[in-house]
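Novice: The hints should help you fit chain Z onto chain X, whose structure is shown.
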Amino acid sequence: MAPKVTATPAKASNQNTLLMLWKAYNEQTTDRLKFIDAFLVFLMISGALQFLYCVLVTNFPFNAFLAGFSSTVGQFVLTASLRSQVNPENRSEFKEISPERAFADFALGSIVLHFFVFNFLG
Amino acid sequence: MRCHSLLPLFLQSLLLLTANAASTVNANGEKTQTSWSSSGDSVLVVLDPAKKEDYSAFLDGLGAKGYNLTFRSPKDADGPTLVEHDLPKYSHVVVVAGDVKTFAKDISPQTLVGLVSGNTNLVLALGNKQSILTSLAPEFGLILPPPNSNLVSHFPERDVPISTVPITLKESNIPLMETMKGKKQPVLFEGTPFALSSNPRLFPILNAPVESFAGDIDVTSDILADSVEKGGEGLWAGNKMAVVAGFQAKGGARVAWLGGGSLLQNKEDSGNLNFAKDVAAWAFQETNVLRIDSAEHRLIKGAGATGNGTVGQPQEQYTVGDEIEFTMRISRYNAKFKLWEAYHGINDLQLEFTMLDPHVRIPLPPSPGRNGKREKGVYRTTFRAPDRHGVFKFVVDWRRQGSTELLFTETVPVVPKRHDGYDRWLSAAWPYYLGAVSTSVGFIVFVAGWLASVDERGKGKKKAE
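These protein sequence lines map, in sequence, to chains X and Z. With the working numbering applied, the first sequence corresponds to residues 1 to 122, in that order. With the working numbering applied, the second sequence corresponds to residues 1 to 465, in that order.
With the rest of the complex left out, here is chain X (with noise of 0.2 Å):
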């Protein structure tokens, strides 16, 4: 009986933390953070996707896989460099690199991706 009776406060407490880490993120996040991160979720769904397909169903053709998989996880690697980077409160960390900056690497390194995923992929 008695893990029942401290189970529910416990979780109840969880919720809260949860509600308040989601509470804090609307509130003290930038547009432009959320926006990256809309996209940084939608690519590890993609990337997830991919991979149970290639689990479950099947991993033929390989290099279909791969292109798919990893540029979804390229992709990711880059925009959350981006994130890092153009974030105000990392300001600190990178000071010689202004946000323009920021962003023409990670367009110029997205671009040479593809440009291999593409080649991979067919």
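No lab work stands behind these hints: they were computed from the structure. A few of these clues could be false.
To be verified - Cβ pair distances, simulated, as ranges:
#, chain 1, residue 1, chain 2, residue 2, range
1, X, V55, Z, R361, 35 to 43 Å
2, X, V55, Z, G449, 28 to 36 Å
3, Z, V391, X, F115, 22 to 30 Å
4, Z, I300, X, A38, 49 to 57 Å
5, Z, G307, X, D31, 31 to 39 Å
6, Z, E325, X, V55, 37 to 45 Å
7, Z, S453, X, A12, 37 to 45 Å
8, Z, G307, X, V55, 34 to 42 Å
No experiment lies behind these values; they were computed from the predicted model shown. We treat Cβ as the ideally placed atom computed from N, Cα and C, and that holds for glycine.
Specialist: Then chain Z, alone, in the frame of chain X:
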């Protein structure tokens, strides 16, 4: 490829032509046949001259079919030779042992075996005494009962002695028997039965009746009673025994073993003459003689040779996964008209596509016709080359007891697809394509959105500075 494959066949037939000393070649270079046989006209009959009258009907029948008969006495050492210049001199040899014990020196088991290797057909009638034929028989897989054994049957009750056994042909014997077809008259047999070993080239033409047994009729003791005491052991009995057996040699020669010369003798009111005719017709390659006229393969669908083969043409090599059509033409010899006729009657022909093992083994059925035209004697099938590259062989290997063996092989390489021979976009990979494309589209949308927001903020930023 086709020429390559047919060349050996052609050479083989040329060799056969030269081997048949008696067949003549006319001005057009074609072989002219005077007899019904597909393999030659000349017959040597080794027979005691004193007994010749007993066989007159059979021998006259052979003469009427256009055979050139030469006679020789078994003991005559200076008679016509069987082998001349190391080649068989006659296309067919009939040996009736009768009660001859010793044959002339050149008529030996070795010579007879040599004749068979040289594609000479033999009709061998065992006698009731030990002779060269009794020592030759085991070489063909025949197992003879003890010497002086006769086929004996007490059934049905009849006037003739118990050692003259009437045998009615069964349905299974009929395929070889063209003149016996529809005639119910039993064959009167007098002679030795024999058992057959498991040699696949040996098969019974006429089995002994089920109630018959082998025994020495000169010995007064009752073998049946003796063997009953031993529990039936050592008794040669039943229809597992044969009285006539056929043997087909590798080169195509046919050997008919008869348990006794009585089958060839004139016997009134019996089926003997017709039966002897049929056995001789089979042995002399008049009936059940088949040949492969041509065989070809062609590409139906796929890459073919070097990735750009012409569809509908034979290929020097095929690519894995090609649709291949295989066509074979078979004809059968018609003895009456002395010509080869397209033959449509084989329903169990198989085609194999072999590399060590048959990777494909499919029926090769008679063609039902193509484009509304009947195709007699054409056997056709299509198949997909297996997903395995290497040197393959088309193999048609058809062996049936009583018929000429059909063997065809042709080697053809199967190559893997070229690097650009594979499909580029596969349906199984659509999720991956979709993932990659959506990432790119997402990137473009993201960049557009980002730049749009930069414009607004940039303005604000500049103002702030």
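Novice: Each hint needs a verdict: does it hold in this structure or not?
Specialist: Hints, one by one, checked against the model:
no.	hint	verdict
1	X:V55 with Z:R361: 35 to 43 Å	holds (38 Å)
2	X:V55 with Z:G449: 28 to 36 Å	holds (33 Å)
3	Z:V391 with X:F115: 22 to 30 Å	violated (43 Å)
4	Z:I300 with X:A38: 49 to 57 Å	holds (54 Å)
5	Z:G307 with X:D31: 31 to 39 Å	violated (56 Å)
6	Z:E325 with X:V55: 37 to 45 Å	holds (42 Å)
7	Z:S453 with X:A12: 37 to 45 Å	holds (38 Å)
8	Z:G307 with X:V55: 34 to 42 Å	holds (35 Å)
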